[in-house]
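K.L.:
Go by the hints and put chain R onto chain U.
As you go down the protein sequences, you meet chains U and R in turn. Residues in the first sequence are numbered from 48 upward in steps of one, following the numbering used here. Residues in the second sequence are numbered from 207 upward in steps of one, following the numbering used here.
Since the hints were derived computationally from the structure, they do not count as laboratory data. Mixed in with the good hints, there may be bad ones.
Using 25 Å as the maximum straight-line C-alpha spacing, the simulated PhoX-like pairs for lysine-lysine come out as follows [unchecked claim]: (1) R:Lys293 with U:Lys204; (2) U:Lys204 with U:Lys258; (3) R:Lys883 with U:Lys107.
Computed from a predicted model, the values in this text were never measured in an experiment.
What follows is each chain in one-letter form.
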Amino acid sequence: MPHWAMVIDLDKCVGCQSCSAACQAENNVLFVGPEQAELGRAIFWNEVFCHIEGEYPHVKATIVPRPCFHCENPPCVKVCPVGATYKREEDGLVLQRYERCIGCRYCAVACPYGARYFTWHAPEWPEGMDRYQNPDVLLRPVGIVEKCTFCIHRLEKGLPIPACNQACPADARYFGDLDDPNSEVSQLARSPRALRLLEDLGTEPRVFYLKEGA
Amino acid sequence: MVTKLTRRDFLRIAGVGTAAAALCEIGPRAPLLRALGPDEQVAAQAHQEVWQATICQQCQAGCGLLVRVVDGRAVKIEGNPLHPSNKGKICPKAQAGLQVLYDPDRIKGPMRRVGERGEGQWEPISWDEAIGQVVDRLAELRDEGQSHTVVFLTGRVLGQMEGLIARFCQAYGTPNHITHNSISAAATEVAHWLTQGHRDFLGYDWEHTNYLLSFGVSMLEAWRPTVRNVKAYGHMRRGRPQRRLRMVQVDTRFSITAAKADEWVPIRPGTDGALALGIAYVIINEGLYDKDFVAQHTFGFEDWSDEKSIQHMGFKTLVLRDYAPSQVEAITGVPAETITRIAREFATNRPAVAIGDRGISMWSNGLFNQIAVHALNALVGSIDTRGGVLTQRVAPFLPWPELATDPVAEEGRSQPRVDHVGTRRYPLAEDVYQQLPESIIGDDPYPVNALFLYYTNPLFSSPEVGRFYEAFEKVPFIVSFSPFLDDSTAYADLILPDHTYLERLQDVALPPSLGYPVVGLAQPAVAPLFDTRHTGDVLLEIAHVLKEPVARSFPWRSFAEVVQYRISGLWLSEQGDITATEFDFFWEEFARRSVWSDPPYNFGEWGRVLATPSGRFEFYSQSLRDQLAKVAGDDLEGLLEELRVQARGDEVYLPHYEPPHAVGDPQEYPFFLNTYKLMAHAEGRGANLPQLQEMLGLHVNRKWDSWLEINPGVARALGIADDDWVWVESPLGEKIQVRAVLYPGARPDVVCIPFELGHRAYGHWAKGRGVNPNWLIANETAGLTGTSAPFATRVKVYKV
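So that you can see chain U by itself, here it is in the shape it has in the complex (with noise of 0.2 Å):
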């Protein structure tokens, strides 16, 4: 089995949450309206985030699409009272089951980049809205945790591209096998502009960024 793994080009990537949108509408994740996203509770699989800092006219933005990072050591799998989260060995995703999950949130905790997202409603689908659901992706109940899989159905289906990259306009997102050191993601992930966020924490994590700057 193949060792998937992703590399996020930050010098390409405009922040255009063309990534975000793609994963919403593959994954059947709901907006959760105004009220609640005033409360943070946007479900976003892949999240994009926009750091501005400095001081007019000196500004700089830093902008970084967050998918799971599937980690090699997954802080969450350590933390999960049920085995709700767990890691599979074949290839190497950290996958949620949903129907073992208590909601207890520790994950969500654990998880050092906020990439894992508690369901505080189950998802109300407005009149009509539920037709354009994937039927290849589960519908989540309310009170769990849920979070990216590297569109795992897509990969099953033999499509070994999940719906974040397959949208990415700037060609800024590159997927494959870590354990091929001739595929693209390989290569790339031993760039000397290659880094991985929070790398001191020891998670390891198998999406790697590519830095901005010449």
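P.N.:
Same frame as chain U, now just chain R:
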């Protein structure tokens, strides 16, 4: 159909304990794991899945799509890899198309107003009745010799709908087909017409560009075709080893595009033309310009004398006289050293391209700003070169047939237009959309008796919106074709709802970008959900029911036939990437791919590229001189005065800087108001798409609401903290309440509100959410081009 899944259902369906291993299998091979009832499972096993190729219509860019359709339901949108513009990639607006289709607030069939205007009381009627009412009214007006008092107002019309509506107006007998270009970016097109002879936007050979100097263009957010721009950006940054694009963004706010550039140059609003001319000064003064190109392909660079031996000033003389960096610094606030450095970089890192659009062209001086910026491309020889500016070739559609002879229609369409285009008021204009309120309210030049709205929402997207509301009151008959109950449709008398674009056949030509023509075919991905009809079909039916001779100009039974008629020109041309012995085969292949294109772009077709009177790039615009002379008669001085053009003599026709007009006293109203668009803004139509609203303001971390970006230092001086509610008030006396964001990317003299929200109707997600800055914006028009100057309005900001 997937239904809501409760934990209890899940346990029942999945089986506790046994699910662990199987959970990985959530693809179609694991039907048990999906929340389906027994009947649904049978259906699901037999489900039919297709990927329908079509074209996105959330904006003008016309990206190719593949829509995944399962059992007649559209469930996912991805990019069509065969489309040469977006090449399989799409933006978030395209993804949100499913929410356009399945919006529960869609209009479900034709309706007639029964209460007062805008009261929201509607009665469903049949299509026969609805069309009958329109035909009765149109026939009556025509019989009374009043056909010209019908106004057809259109927005971003795509493909053959534009020609069909124009033809409908001509055949019926009204000159008043008025497009929204004058509130969009028409001045940009006029600048290209005056310098290159093409009244159009331009293409760019981004794949080979080394240096990009952008004047206020949100290239990576809202400048179509955005997906191609973003893709090209990725390529220019990383796709060419050893050749990384350098990009400079001149802008009044720190946009995402500015963030992704190498350098942000904040500039005093409305002064971009001066900066471009300061850059030209350095390039000319230091001899860095492309001397071959200037000598061979430009007109009016050096001083010259005409056939009557009258001496004329050249561009070089003017620039060296008036635009030294120190002079320009005083106008723009950009340091002279920065101007000099950027000029040298621009001239020595070719191919270099300078771009400008709405942000600089929609000002009282916008035409000259845009001309000055485009003149930089000519100076460094970037017109029609690899990595430079391309002049879009148009697709060889079959020409429309002659209109039927009809004296009534001829009489009607020969009447003056209600927006006064081509008169002394607006000598270069083709449309003056924002003139309508004054014309309608003042019966100037005559009363408007019927108003048709297609893809446009004047009660939301015009400057000084309140005035348009008054104008609506005065029009006795308003018809909207919108599939949504938007602000203007809510004030209509009759609604004839169109399909949404995933249900509709529509050709969509790529806007200028690649240089070579690309035509896409949007095809229904699903059957219409409701009792809606294609507006093209409705117009044809209206024409057919109107008695002869109107009907004779429309020999097609359906809009699909219109499209096929026009598209057959592509087949007959034997150009492009689809060839066939018969049209049926051509069409079959066209429909399969949903795109036809005719690459490559051939450089050096100078006769086509420079279609000016001199056949050269005109620094000195003879078209401008001739057009003004035609309108002015023997009173050019008076005309320039009326148009508020300050320059005189040759300077008028050369790239030059005019100070912009502002509305409001700078002491009382210290800020310019910048209303901009973000990636999630679907041309002002996206407020009813919850998915986009939930990712709206990435750079300020705001969702589902409007905000005001204000410089932190200035805000603190006004006692305004982050997230405080503030009033924003303009000299119109209007004010809006919005939350402040202390944003270091805001200039001290500019505040910014994104344009998208603040609808008074448009479904329950959009209605009453956020603010519409257009209520504050004075209806300023640049006389020369007839284009709106929305950025001219000053505002004040104070705590609630």
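K.L.:
The structure should be examined with respect to each hint, and the outcome stated for every one.
P.N.:
Here is how each hint holds up against the structure:
1. R:Lys293 with U:Lys204: holds, 23 Å
2. U:Lys204 with U:Lys258: Violated, because 32 Å separates the two Cα atoms, which is more than 25 Å.
3. R:Lys883 with U:Lys107: holds, 20 Å
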